[in-house]
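> Chain by chain, the residues:
Protein chains: 2
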Amino acid sequence: MGRNVAIVGTGHSKFGNRYDVNIPELAWEAIKQALDEAGVDQKDIDFASFSNVGGWSSEPLPALVVLEYAGLTPKATYRVEAACASGSAAIKAAHDAVASGQADIAIAIGVEKMNESPTPTVIEFIGRAGNYFWEFQNFGLTFPGYYALYATAYMDKYGATEEDLCRVAVKNHYYASLNPKAQFTKPITMEMCMNSRYIAWPLKLFDCSPITDGAAAVILASEEVAKKLTDSPVWIESIGVASGTSNLSKRQGFLSLEAAVEAANMAYKKAGLNREEIVKHIDVAEVHDCFTIAEILAYEDLGFAKRGEGYKLLREEQTHKDGLIPVNLSGGLKAKGHPLGATGISMAVDLTRQLQGRVEKGRQATIVNGRALAHNIGGTGHYAYVTLYNLSKPRTR
Amino acid sequence: MGRNVAIVGTGHSKFGNRYDVNIPELAWEAIKQALDEAGVDQKDIDFASFSNVGGWSSEPLPALVVLEYAGLTPKATYRVEAACASGSAAIKAAHDAVASGQADIAIAIGVEKMNESPTPTVIEFIGRAGNYFWEFQNFGLTFPGYYALYATAYMDKYGATEEDLCRVAVKNHYYASLNPKAQFTKPITMEMCMNSRYIAWPLKLFDCSPITDGAAAVILASEEVAKKLTDSPVWIESIGVASGTSNLSKRQGFLSLEAAVEAANMAYKKAGLNREEIVKHIDVAEVHDCFTIAEILAYEDLGFAKRGEGYKLLREEQTHKDGLIPVNLSGGLKAKGHPLGATGISMAVDLTRQLQGRVEKGRQATIVNGRALAHNIGGTGHYAYVTLYNLSKPRTR
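Protein sequences, first through last, are from chains U and D. Position 197 (the first sequence) corresponds to 179 in my numbering; numbering is contiguous. Position 208 (the second sequence) corresponds to 190 in my numbering; numbering is contiguous.
For reference, chain U alone in the conformation it holds in the complex (with noise of 0.2 Å):
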């Protein structure tokens, strides 16, 4: 039906407290490094999708502004939110100018500043992201007391502990401290983790993302441009996409982002894949470990592992490297960082990388059926996109 998209190019910034540069700067670090890769010029762009929250920063609408620092002017452009999904919702822009044919090379600029957060802070900001009139404004819940009703739903339904969380998060920092792109560079202990002072019980620091500056980019480019940029082009197999309610009192339980369990679902029905069977066809995973008991969610409602035995996986360290299903191995939101707009494009550059067997030897997943998932999630569970990667060209579109 529509063209076939491939990416051709990647770039990603150091992630972490980015004092040292503003946002066009910090943009133009992951943009500059995937021109280079995919070996074309500002004027070969037809279509830049831009992504970020902002919202707290002094220049809210950066599009324009970084796109001319970039040399991408006058090119078209729309900057796209979908929370702390945007990166991956802009990739679904910029898929689906290339696949319509309105573009024939199109970019996906992710970035954020959030260390640079005047008032209302970031983490007031972020609330707001939730179902601001009930929720956050008559009782103060902040993104930890979403996610630890969650924890606490799960711990107390399935059994799993303390320790488990910190399991994903000893397991995150671990990857990232192999990613010289990520803020976090050293390895922690369970110990650390389980002696971190709480956020909201049952998560402590440790469980959390960090506040993160980054960027990354990702360039898109039809079937037939793609075969003469590169060798090695990494397709877009399917994309699923759905929302959910943003109103937590609203939720039939607390045990699984619906949103997500459907973005899944969809993306495996156009990729023409078995849920039951989904770990045999996939090599590699980056989900949202927005807080640890995130990527715990994520593995069941991706059909990781059965409802209730998710957190089993971290036991057995099958989501390590050498695990059936490795995640995060680029350290994750926990350790990579979480730049929220960045976040689902950062995502497609290390997958991408991870198929094409380029990124550091001690996080390189082994790759055999050559496709990687990933899993972006927006609010807690507003928006959930679900993208294939794949190193063979679709069969069908």
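Mixed in with the good hints there might be a few duds.
For chains that are exact copies, the list does not tell them apart, and a pair is met inside one copy or across any two.
[Stated by the list, open to error] Once the Cα atoms are required to be at most 27 Å apart in a straight line, the calculated DSSO-like pairs of lysine-lysine come out as:
| hint | residue 1 | residue 2 |
| --- | --- | --- |
| 1 | K210 | K251 |
| 2 | K251 | K25 |
| 3 | K303 | K168 |
| 4 | K343 | K232 |
| 5 | K252 | K25 |
| 6 | K251 | K375 |
| 7 | K288 | K343 |
| 8 | K209 | K252 |
| 9 | K(-4) | K252 |
| 10 | K252 | K232 |
| 11 | K210 | K25 |
| 12 | K(-4) | K375 |
| 13 | K168 | K210 |
| 14 | K294 | K25 |
| 15 | K232 | K25 |
| 16 | K14 | K232 |
In short, the hints are calculated from the structure, not lab data. It should be emphasised that the depicted structure is a prediction, and the values quoted were computed from it without experimental measurement.
Guided by the hints, dock chain D onto chain U, whose structure is given.
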């Protein structure tokens, strides 16, 4: 290349001071009408693009909140922002989703409540949408000031007068008085306009568009689906998009918005139209008259008039209903109102109804070619979208 895409339903709220409703309620007025016109149900929609600038709003990430209120969860969505051109950008996003085969039916929703602005004021916020760091912060320029630079340069070079600017206001207020959805419902006289107080010389109160609350929505469908839903689809014939510098000090001059020329030429080229005789091909246009001078610049940027002769069209009433090329028969941003995120979609709604011959009699254009044009600008030409709508199915895509 991509699939054909048609508008199959339109919705438009009353524009004005809408203290009577909150954002989701305001959006629903437009969404409900669009669903009813298209004869579809929420469950039939595959994708929703949501246009909103917000920034001053207590609900900073409203896409999901509106989607949920409108019964559109768990459908796919993201927010689109391109400053005051956000509405047209959302139409492009929905168009690309349908044209690429990612969706069969999509809705583009635009909503803005500008009158609820707390601190920073909406004027300050919009000012930041210019070049924040240099021009807003250092020189205190806000939008009336930006466009006053253009007005001054234009009057100086071509001999246009303040009366010519007021001719735009008088025309657009007249047509707004015939449009029950418009913010301003009474015609004004040349004397009223000329005697109104200066905001930024030579722009007076009646040269400026107002602060507006409002919503608009269009439902788009693939050719196959559109044929089942309606006998009178309006096709999206082509979309031209470009961007330009945010920094006025870097512009070549103040007599044209370069991005608008670029976008127009792209739209004309895709539709196979000759710019030199463009007025022969278009029955009616909506242009971005955020200030009266902007409408005159648009005439020239779009090729409706030669350089320096745009204001003469007004003197000869050639952009009135029965003139050579009727412009802003809805009342335009100037008098229908300018709720930022809704504006581009409001243009699409009114042009669809114009082409279908169903607007109020006194402002109904004569439809000969079956083609309409929307010109939507973000910032002072930072973003430019020119979209052609056609009663006939495009020959080639």
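> Does each hint hold? Answer for all of them.
These are the hints, each one checked on the structure:
1. Taking identical chains as interchangeable, the C-alpha atoms of K210 and K251 lie at most 27 Å apart only when they sit on different chains, with a minimum of 26 Å there against 30 Å within one chain.
2. When the C-alpha separation of K251 and K25 is checked against a cutoff of 27 Å, the pair qualifies only between copies, where the shortest distance is 19 Å, while the shortest distance within a copy is 37 Å.
3. For the homomeric pair K303 and K168, the shortest alpha-carbon distance inside one copy (18 Å) is at most 27 Å, but the shortest distance between copies (70 Å) is not.
4. Proximity of K343 to K232 under the C-alpha cut-off of 27 Å is found in neither arrangement, the shortest distances being 45 Å within a copy and 47 Å between copies.
5. For the identical chains of this complex, K252 and K25 are inter-copy neighbours only, at 19 Å across copies versus 33 Å inside a copy, given an alpha-carbon limit of 27 Å.
6. In this homomeric assembly, K251 and K375 come within 27 Å of each other (Cα to Cα) only inside a single copy, at 17 Å, whereas the closest approach across copies is 32 Å.
7. Within a single copy, K288 and K343 get their C-alpha atoms no closer than 31 Å, and across copies no closer than 63 Å, so neither meets the 27 Å cut-off.
8. In the homo-oligomer, the alpha carbons of K209 and K252 lie at most 27 Å apart both inside one protomer (23 Å) and across protomers (25 Å), since each shortest distance falls under that limit.
9. Neither within a single protomer nor between protomers do K(-4) and K252 lie at most 27 Å apart by alpha-carbon distance, with minima of 34 Å and 40 Å respectively.
10. For the homomeric pair K252 and K232, neither the shortest alpha-carbon distance inside one copy (29 Å) nor that between copies (47 Å) is at most 27 Å.
11. In this assembly of identical chains, K210 and K25 lie within 27 Å of each other by CA distance solely inside one copy; the values are 17 Å within and 41 Å between copies.
12. Proximity of K(-4) and K375 under a CA criterion of 27 Å is satisfied in neither setting, with 31 Å inside one chain copy and 49 Å between copies.
13. With identical chains, the CA atoms of K168 and K210 are never at most 27 Å apart, being 41 Å at best within one copy and 60 Å at best between copies.
14. For the homomeric pair K294 and K25, neither the shortest alpha-carbon distance inside one copy (50 Å) nor that between copies (37 Å) is at most 27 Å.
15. In this assembly of identical chains, K232 and K25 lie within 27 Å of each other by CA distance solely across copies; the values are 19 Å between and 48 Å within a copy.
16. For the homomeric pair K14 and K232, the shortest alpha-carbon distance between copies (23 Å) is at most 27 Å, but the shortest distance inside one copy (44 Å) is not.
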